[in-house]
Amino acid sequence: MPIVRYTYCWEGIIAADFTLDAVRRKYTAFAELLNARGWSCLVAYDTRFLSAHVAADCHQGLRALGARVVLSSTSLPRPAIDVALDHGVADCALIVSAGNRDYWLNGLIVIAPAPGLNPFVDGNAPPVCPPFPADISDAPMIDARRTYIESLRQAIDVDLTHQTSLTIFVDAMNGTTGGIIPAVLGDGTQTKTIEINRDADAWFGRQAPHPHAAPLVRLRKLVRESDSHLGVALSADGRALGVVDNDGDLAPHLDIALLLAQYLNRQHRRRGLVIVPASASSVEWVRTWEAQTGLNVEFAEQPTARIAEARAAHQLLVGMTEDGQPTIGRIGGVGDAALAALLLIELVARRNVKLRVLREKLRQSQGA
Numbered sequence: 311m312p313i314v315r316y317t318y319c320w321e322g323i324i325a326a327d328f329t330l331d332a333v334r335r336k337y338t339a340f341a342e343l344l345n346a347r348g349w350s351c352l353v354a355y356d357t358r359f360l361s362a363h364v365a366a367d368c369h370q371g372l373r374a375l376g377a378r379v380v381l382s383s384t385s386l387p388r389p390a391i392d393v394a395l396d397h398g399v400a401d402c403a404l405i406v407s408a409g410n411r412d413y414w415l416n417g418l419i420v421i422a423p424a425p426g427l428n429p430f431v432d433g434n435a436p437p438v439c440p441p442f443p444a445d446i447s448d449a450p451m452i453d454a455r456r457t458y459i460e461s462l463r464q465a466i467d468v469d470l471t472h473q474t475s476l477t478i479f480v481d482a483m484n485g486t487t488g489g490i491i492p493a494v495l496g497d498g499t500q501t502k503t504i505e506i507n508r509d510a511d512a513w514f515g516r517q518a519p520h521p522h523a524a525p526l527v528r529l530r531k532l533v534r535e536s537d538s539h540l541g542v543a544l545s546a547d548g549r550a551l552g553v554v555d556n557d558g559d560l561a562p563h564l565d566i567a568l569l570l571a572q573y574l575n576r577q578h579r580r581r582g583l584v585i586v587p588a589s590a591s592s593v594e595w596v597r598t599w600e601a602q603t604g605l606n607v608e609f610a611e612q613p614t615a616r617i618a619e620a621r622a623a624h625q626l627l628v629g630m631t632e633d634g635q636p637t638i639g640r641i642g643g644v645g646d647a648a649l650a651a652l653l654l655i656e657l658v659a660r661r662n663v664k665l666r667v668l669r670e671k672l673r674q675s676q677g678a
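In this note's numbering, the protein residues as written are 311 to 678.
For the record, the hints were derived by calculation from the structure and aren't laboratory data.
Treat the hints loosely; a few may be bogus.
[Claimed, not checked] Derived lysine to aspartate or glutamate pairs resembling DMTMM-like cross-links, with alpha carbons at most 25 Å apart: (1) 671 x 608; (2) 671 x 559; (3) 531 x 559; (4) 671 x 535; (5) 502 x 469; (6) 531 x 633; (7) 671 x 594; (8) 502 x 559; (9) 671 x 600; (10) 664 x 467.
Start from the sequences, fold in the hints, and give me the full structure.
Next up, the structure:
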C-alpha cells in the first residue's frame, strides 16, 4: 500500500523574506522535530537562484544539530524525491524550492509521513556557520536522479520507442527535468527527442516555470513547423504537464487523462477510477466514453484530495488536477509529468500516428 506523506511549505520573496538567516531559523526548529521523531531526512533542491547553496547550508546546519541527513548530488524533480523516499533513502525530505511559483520566490518544502505538523516555526538560536558551505566533500550524498530514471525505464516499453521513428519535442522549462526523458529513452533509439530550455536557469527565463502559466510559444511553433508527433512541457518541479499536438495546439487536460486511461486499460489491462476536475460541459460525451470503455470517470470538485485518496486505496487508474498534474495509479507518485509524458510517447509509438489523430478519434467516437 502506498505510504501516505504530507507536504508543508514556506516561501518568500528572495532577499526580502527568503534570507539565509530566515532559512537557518526554520531548519533549527526542524532539526528538533527530526531528532524528537528519530527521522532521517533527504535534503534536496531545485534549479532556482541559490537553491543548491541553501540546500548545502541546510544540510550542514542540520548535521551540526544532530539530525541524520543525506544531501542530493543534483537538483531533483519532485517525483524523483517521492521515488527516493519510496526506496527508503530517508524518512522525510526537506526541499529548497518554491515549486512552480514565480522566479523571484524561493522557499522550503517538507515531505513527511505524518499529518498536522508545524515544521516552519522559528528556532531561537540558528547555528553559527559561514555563509554557504565552501566544501561539502564530506557530506553523505545520493544520486536520487539515477534512481528516478531507472524507475521510469521500468514503467514504460523502452524497446518500442527504440523501434519506432518518432520526433518529440520536450520543453524542460529550465527546471529539474532537463535531460530526464532522453536519458530514459537511451541511446540507439529511432525516436528523436529534441529538448529546449534544458539548461538550468535560476530565473526560469523570467517567467513562472509552469506549462499553464506560460504561453509555450516556442514549443508550439517548433512542433507545428516540424510536423512532429507531439511536444510536452514539464514544470520546473516535474509535477505538471503541458501537451502540444502536431498542429501546435495545446491538448486539454481531459483529453490527456482519457487517452492515458484508455491506453493503460487496453494495453496493460489496468483498471480503476479516472479522476478529473469538475466540468459540466464535458459530462455528456464522457459518459458515452465510459459506456464504451467500461471505465469510470469522476469529476471532482477537489481533484488533488480525491486523487490522493483513491491512490492510497489502490482505486486510481489516472488522475489529473486543474493545473495539469497527472498521477498514474500504482506505477507513479502523485503528480509525475515525466511518467505521463513517456506513456504518451509509448502510446503514439504503438499506434504509429500523431497525437492530433488520437485526439480527434477520442472526440469523434463520442460525438463530442
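Hinted pair residue 671 and residue 608, Cα distance within 25 Å: Given that 25 Å is the threshold and the Cα spacing comes to 22 Å, the pair holds.
Below or equal to 25 Å on CA atoms is what counts here, so check residue 671 against residue 600. holds (15 Å)
Next pair to validate is residue 531 with residue 559; report whether the Cα-Cα distance is within 25 Å. holds (10 Å)
Does the alpha-carbon distance linking residue 671 and residue 535 stay inside the 25 Å limit? Measuring from Cα to Cα gives roughly 23 Å; hence the hint holds.
Next pair to validate is residue 664 with residue 467; report whether the Cα-Cα distance is within 25 Å. Distance ~18 Å between residue 664 and residue 467 Cα, so the pair holds.
Are residue 671 and residue 594 close enough, with their CA atoms no more than 25 Å apart? Given that 25 Å is the threshold and the Cα spacing comes to 17 Å, the pair holds.
Holds or violated: are the alpha carbons of residue 502 and residue 559 at most 25 Å from each other? Status holds; Cα separation ~20 Å.
Mind checking the alpha carbons of residue 531 and residue 633 for me, to see if they're no more than 25 Å apart? Holds, at roughly 22 Å.
Hey, residue 502 versus residue 469, does the alpha-carbon distance stay inside 25 Å? Holds - the C-alpha atoms of residue 469 and residue 502 are around 14 Å apart, at most 25 Å.
Below or equal to 25 Å on CA atoms is what counts here, so check residue 671 against residue 559. holds (16 Å)
Hint compliance for this structure: every hint is met.
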